[in-house]
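> Sequence:
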Amino acid sequence: MPDGYIHLGDDIMLGVAEFLGCLKVHLRHYVVKNNQYIPTRTGISISPYHWQVLSDSISTLNLESPHACLMIERKLFLSVTDTSVVFQHVFNNNPKAGLQLSNTFLSVTHKQFRELCKVRESISQLIQKRLWGPLFLKAIREVLIIVNSDDIRLDGDEADIQAILKNNLIKVLKKHIRHKLDTLKIMCEGCSTDDNQSKHTYFETRLSYMDRCIASIDIYNLAHDFVYDNNQLYPYMSDSFIENLNALELFEM
16 MPDGYIHLGD
26 DIMLGVAEFL
36 GCLKVHLRHY
46 VVKNNQYIPT
56 RTGISISPYH
66 WQVLSDSIST
76 LNLESPHACL
86 MIERKLFLSV
96 TDTSVVFQHV
106 FNNNPKAGLQ
116 LSNTFLSVTH
126 KQFRELCKVR
136 ESISQLIQKR
146 LWGPLFLKAI
156 REVLIIVNSD
166 DIRLDGDEAD
176 IQAILKNNLI
186 KVLKKHIRHK
196 LDTLKIMCEG
206 CSTDDNQSKH
216 TYFETRLSYM
226 DRCIASIDIY
236 NLAHDFVYDN
246 NQLYPYMSDS
256 FIENLNALEL
266 FEM
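Residues in the sequence shown are numbered consecutively from 16, following my numbering.
Rather than coming from a laboratory, the hints here were simulated on the basis of the structure.
Note that the coordinates shown come from a computational prediction; the quantities given were computed from them, not determined experimentally.
Cβ atoms here follow ideal geometry from the backbone N, Cα and C, with glycine treated the same way.
Treat the hints with care, since some could be wrong.
To be verified - Here are the simulated lysine to any residue pairs, SDA-like style, with alpha carbons at most 25 angstroms apart: (1) LYS195 x LEU35; (2) LYS186 x SER122; (3) LYS144 x TYR235; (4) LYS144 x GLN247; (5) LYS181 x MET225; (6) LYS181 x TYR249; (7) LYS190 x GLU130; (8) LYS48 x TYR20; (9) LYS39 x LYS181; (10) LYS189 x VAL68; (11) LYS181 x ASP240.
Unchecked claim - Each pair of labels, with its calculated beta carbon distance range: (12) HIS194 x ASN259: 23 to 29 angstroms; (13) SER122 x ASN50: 24 to 30 angstroms; (14) TYR235 x VAL134: 27 to 33 angstroms; (15) ASN49 x SER72: 33 to 39 angstroms; (16) ASP254 x LYS133: 35 to 41 angstroms; (17) VAL46 x PHE266: 36 to 42 angstroms; (18) SER253 x ASN49: 40 to 46 angstroms; (19) HIS44 x ASP233: 41 to 47 angstroms; (20) PHE266 x ALA174: 19 to 25 angstroms; (21) LEU265 x ASP175: 17 to 23 angstroms.
Could you put together the complete structure from these sequences and hints?
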């Protein structure tokens with residue numbers, strides 16, 4: 016299997032791949048040529064956020080019958096902002112009936128579904144690792160290339176100033192998280208339905224959506240805000256500082 020891909024059974028593969036700076040999750044049929052697994056055009060590709068929505072939904076499904084299948088459909092929902100939406104349909108498969116699907120559909124068998132349940136969390140972790148690893152660091156470097164700096168150097172130890180940069184990045188990250196939570200319309204069900212606020216835990220409700228939030232943040236906008244908000248500290252954003260930056264750890268601070 017190619018790097019970042021998992022075999023789901025039969026001729027379907029699941030994986031995370033980057034193309035032109037865009038990270039996508041692929042559920043695709045494949046063919047084998049010269050001992051190489053090659054993805055075909057039959058299947059679906061979805062954004063990290065929509066994968067997380069799909070993954071959360073899959074965890075609540077129960078395909079007990081061995082003849083049950085899961086149809087995953089990728090549609091374009093036209094609204095003020097065009098958004099890719101993933102729908103799921105569970106149906107009973109008739110082995111005698113042929114089903115022709117376009118490349119916006121993918122039918123997952125009972126066996127493949129069970130494998131999908133096993134690997135869904137590891138795929139989410141791989142998304143976060145790639146999104147907030149090489150891609151985020153690349154985004155910072157791209158912004159640094161075009162930013163204007165007066166090359167102002169402040170008095171103080173470089174390590175101390177880089178610690179300030181890290182704390183400032185945490186502040187920018189928290190700002191983006193709050194905005195994304197509002198954008199995703201993530202609300203606490205208890206706050207909206209229960210008059211007695213002491214009966215539920217608000218923080219835990221929002222925390223359960225954090226994976227979706229992490230997967231949907233625009234890393235290029237985040238990198239832009241971080242660099243421009245710290246323009247005077249630009250000379251201290253060295254390659255060593257960027258390479259040693261572990262963005263995923265910042266979510267725990």
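> State for each hint whether it applies.
Hint by hint, here is what the structure shows:
For the suggested pair LYS195 and LEU35, the alpha carbons sit about 24 angstroms apart, so the restraint of at most 25 angstroms is met. Distance restraint check for LYS186 and SER122: the Cα-Cα separation of roughly 43 angstroms exceeds the 25 angstroms cut-off, and the hinted pair is therefore not satisfied. For the given pair, LYS144 sits about 16 angstroms from TYR235 by alpha-carbon distance, which is consistent with the 25 angstroms threshold. Simply put, LYS144 and GLN247 have alpha-carbon atoms about 29 angstroms apart, too far for the 25 angstroms limit, and the pair is violated.
At roughly 21 angstroms between alpha-carbon atoms, LYS181 and MET225 fall within 25 angstroms of each other, so this suggested pair holds. As the CA atoms of LYS181 and TYR249 are separated by approximately 13 angstroms, the hinted pair is consistent with the 25 angstroms bound. Restraint check for LYS190 and GLU130: the C-alpha separation of about 37 angstroms exceeds 25 angstroms, so the hint is violated. Restraint check: the Cα-Cα separation between LYS48 and TYR20 comes to about 17 angstroms, which is no more than 25 angstroms; the hinted pair holds.
For the given pair, LYS39 sits about 28 angstroms from LYS181 by alpha-carbon distance, which is inconsistent with the 25 angstroms threshold. Proposed proximity of LYS189 and VAL68 is supported: the alpha carbons are some 22 angstroms apart, at most 25 angstroms. Simply put, LYS181 and ASP240 have alpha-carbon atoms about 13 angstroms apart, close enough for the 25 angstroms limit, and the pair holds. The hinted window of 23 to 29 angstroms between HIS194 and ASN259 holds, with their beta carbons roughly 27 angstroms apart.
The given range of 24 to 30 angstroms is respected by SER122 and ASN50, whose C-beta atoms sit roughly 27 angstroms from each other. Remark: the range hint 27 to 33 angstroms for TYR235 to VAL134 is upheld by a beta-carbon distance near 28 angstroms. Distance hint check: the CB atoms of ASN49 and SER72 are about 37 angstroms apart, consistent with the given range 33 to 39 angstroms. Checked against the hint of 35 to 41 angstroms, the pair ASP254 and LYS133 passes, with Cβ atoms roughly 39 angstroms apart.
The hinted window of 36 to 42 angstroms between VAL46 and PHE266 holds, with their beta carbons roughly 39 angstroms apart. A hinted range of 40 to 46 angstroms for the beta carbons of SER253 and ASN49 is consistent with their spacing of about 44 angstroms. A hinted range of 41 to 47 angstroms is violated for the C-beta pair HIS44 and ASP233, which are about 31 angstroms apart. For the pair PHE266 and ALA174, the beta carbons lie near 23 angstroms from each other, so the given range of 19 to 25 angstroms is met.
Separated by about 18 angstroms at the C-beta atoms, LEU265 and ASP175 satisfy the suggested range of 17 to 23 angstroms.
Violated hints for the displayed structure, listed by number in ascending order: 2, 4, 7, 9, 19.
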